[in-house]
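Novice: So the chains spell out like this:
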Amino acid sequence: MNGLIGKKIGMTSIFDQAGRNIACTVIEAGPCVVTQVKTDDTDGYTAIQMGFGVAKEKNTSQAQMGHFQKAGTEPKRRILEFRDFNAVNKSLGETVKVDEIFAEGDMVHAIGTTKGKGFQGVVRRHGFGGVMNATHGQHNRLRAPGSMGASSYPSRVFKGKRLGGRMGNDRVKIKNLRVLKIFPEQNLILVKGAIPGHNGAFVILEKKK
Amino acid sequence: MDAIKFVHEQLTPQRDFPNFRPGDNIVVNYKIIEGDKERIQAFRGDVIQIKGEGGTKTFTVRKISNGVGVERIFPFSSPNITEIQLLKRGKVRRARLFYLRALLGKKARIKEKKMAAKS
Chain A
623 MNGLIGKKIG MTSIFDQAGR NIACTVIEAG PCVVTQVKTD DTDGYTAIQM GFGVAKEKNT
683 SQAQMGHFQK AGTEPKRRIL EFRDFNAVNK SLGETVKVDE IFAEGDMVHA IGTTKGKGFQ
743 GVVRRHGFGG VMNATHGQHN RLRAPGSMGA SSYPSRVFKG KRLGGRMGND RVKIKNLRVL
803 KIFPEQNLIL VKGAIPGHNG AFVILEKKK
Chain B
7 MDAIKFVHEQ LTPQRDFPNF RPGDNIVVNY KIIEGDKERI QAFRGDVIQI KGEGGTKTFT
67 VRKISNGVGV ERIFPFSSPN ITEIQLLKRG KVRRARLFYL RALLGKKARI KEKKMAAKS
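So the sequence lines, in the order shown, correspond to chains A and B. Just so you know, the first sequence maps onto residues 623 to 831 in our numbering. Just so you know, the second sequence maps onto residues 7 to 125 in our numbering.
By construction, these hints were calculated from the structure, which means they are not laboratory data. Where is the CB? At the ideal position from N, CA and C, for every residue including glycine. Check before you lean on any hint, since a few could be wrong.
[Said to hold, decoys possible] Covered by chain A, per the in silico footprint, the following chain B stretches (three or more residues, Cβ under 8 angstroms):
#1 8 to 15
#2 79 to 87
[As the list claims (entries may be wrong)] Straight-line C-alpha distance at most 30 angstroms; calculated DSS-like pairs for lysine-lysine:
#3 63(B) to 737(A)
#4 803(A) to 63(B)
#5 37(B) to 803(A)
#6 43(B) to 814(A)
#7 814(A) to 57(B)
#8 11(B) to 737(A)
#9 797(A) to 11(B)
#10 814(A) to 11(B)
#11 11(B) to 719(A)
#12 43(B) to 803(A)
#13 11(B) to 678(A)
#14 814(A) to 37(B)
#15 803(A) to 11(B)
#16 11(B) to 830(A)
#17 803(A) to 57(B)
#18 57(B) to 737(A)
#19 829(A) to 11(B)
#20 11(B) to 795(A)
#21 814(A) to 63(B)
#22 797(A) to 739(A)
Build the full structure now, drawing on both the sequences and the hints.
Specialist: Put into structure tokens, the structure is as follows:
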């Protein structure tokens, strides 16, 4: 999988040649440093491990410091492994930039952690309709989940019953986002549409195979 | 946010529109594409608000068409705007002229600001 680690900057909109206004997300992708190269001989599979972002030395463990020193880089905030990375041939300690992997017009997948929504009811969390009527003697149950299931058999609520609970803060992959523009000097990439997470959140960009 | 500003600086071409403000009467010549035909449509009305900044800055134009109020929002950076003409400067005391929506006929007029004649 060819990809890069990045940071979500924010959303905006641009006009294309046809004069259409397109919503897009600005992502600061890379530059990533290769911190480890895995090969068939040593690890049984091929992969490349990359680091992104600046971490403080006091927040980095001794073990990780040694790992970064081996690659000859500063401590990195986020480390990630990309399996079967074959876009560019990089060795330990080299940097990977955004224009080496993506090109304008490519399709990419964006992986991120969605914004946490807290404890939400079934209407928001699962799209239940709620009980539509406030009349017919009903009160206090406009957004209620309704029936939990049958009665004396099974005398319990089945596992997996959709109920209220914590929503958001999940790892989500948004597939097939088109790359609209790349600014290699600024490490910026514009993709069409929205990606998960708040501004400043880490995001993994994968190139579609 | 600086990165977004940078993106717009790179992607938004500089246009020289007249420097109009809320209350002004303007004509917007807007390119309309129907199928494979292209034509210019003029929209004349009063600017009632200017909103946003950078590449997403927009302005709202209000006019009365056949007795019905019509408002249209144009992005400043839209490539479909071919020309903007400033017809009249309006004398208004606020930046958002939403009170015009409640007014009809003679009450909905905006007083024209008389410019000092340049000698």
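Novice: Look at each hint and say if it fits the structure.
Specialist: For each hint, the structure was consulted:
Counting residues of the segment 8 to 15 of chain B whose beta carbon lies closer than 8 angstroms to any beta carbon of chain A gives 5, which reaches the threshold of three, so the coverage claim holds. Chain A is given as covering the segment 79 to 87 of chain B, and this holds because 5 residues of the stretch bring a CB closer than 8 angstroms to a CB of that chain, at least three being needed. In summary, the hint linking residue 63(B) to residue 737(A) is supported, as the alpha carbons are separated by about 27 angstroms, within the 30 angstroms threshold. Proposed proximity of residue 803(A) and residue 63(B) is supported: the alpha carbons are some 21 angstroms apart, at most 30 angstroms.
Of the pairs offered as hints, the one joining residue 37(B) and residue 803(A) holds, with about 25 angstroms between alpha carbons and a cut-off of 30 angstroms not exceeded. For the given pair, residue 43(B) sits about 27 angstroms from residue 814(A) by alpha-carbon distance, which is consistent with the 30 angstroms threshold. Note on residue 814(A) and residue 57(B): the hinted pairing holds, with a Cα-Cα distance of about 24 angstroms set against a maximum of 30 angstroms. For the hint linking residue 11(B) to residue 737(A), the alpha-carbon distance of about 24 angstroms falls within 30 angstroms, and the restraint holds.
Between the alpha carbons of residue 797(A) and residue 11(B) the distance comes to roughly 27 angstroms, so the proposed pair stays at or under 30 angstroms and holds. Distance check on the hinted pair: residue 814(A) and residue 11(B) sit about 17 angstroms apart at the alpha-carbon level, within 30 angstroms; holds. Between residue 11(B) and residue 719(A), the direct Cα distance comes to roughly 22 angstroms. Compliance with the 30 angstroms bound is thereby established for this hinted pair. At roughly 29 angstroms between alpha-carbon atoms, residue 43(B) and residue 803(A) fall within 30 angstroms of each other, so this suggested pair holds.
Between residue 11(B) and residue 678(A) the alpha-carbon distance is near 28 angstroms, which keeps this suggested pair within the 30 angstroms criterion. With a C-alpha separation of about 24 angstroms, the suggested pair residue 814(A) and residue 37(B) falls inside the 30 angstroms cut-off, and the hint holds. Restraint check for residue 803(A) and residue 11(B): satisfied, since their Cα atoms lie roughly 15 angstroms apart, inside the 30 angstroms limit. Our distance criterion of 30 angstroms between C-alpha atoms is met by residue 11(B) and residue 830(A), whose separation comes to about 29 angstroms.
For a cut-off of 30 angstroms, the pair hint linking residue 803(A) to residue 57(B) stands: about 26 angstroms separates their Cα positions. Only pairs whose Cα atoms come within 30 angstroms are accepted, and residue 57(B) paired with residue 737(A) is accepted, the gap being roughly 28 angstroms. Among the hinted pairs, residue 829(A) with residue 11(B) is consistent with the structure: their alpha-carbon atoms are about 26 angstroms apart, no more than 30 angstroms. With a CA separation close to 27 angstroms, the supplied pair residue 11(B) and residue 795(A) stays within the 30 angstroms bound.
Between residue 814(A) and residue 63(B), the direct Cα distance comes to roughly 20 angstroms. Compliance with the 30 angstroms bound is thereby established for this hinted pair. This hinted pair checks out: residue 797(A) and residue 739(A) have alpha carbons roughly 22 angstroms apart, not beyond 30 angstroms.
When held up to the earlier numbered hints, the structure conflicts with none and fits them all.
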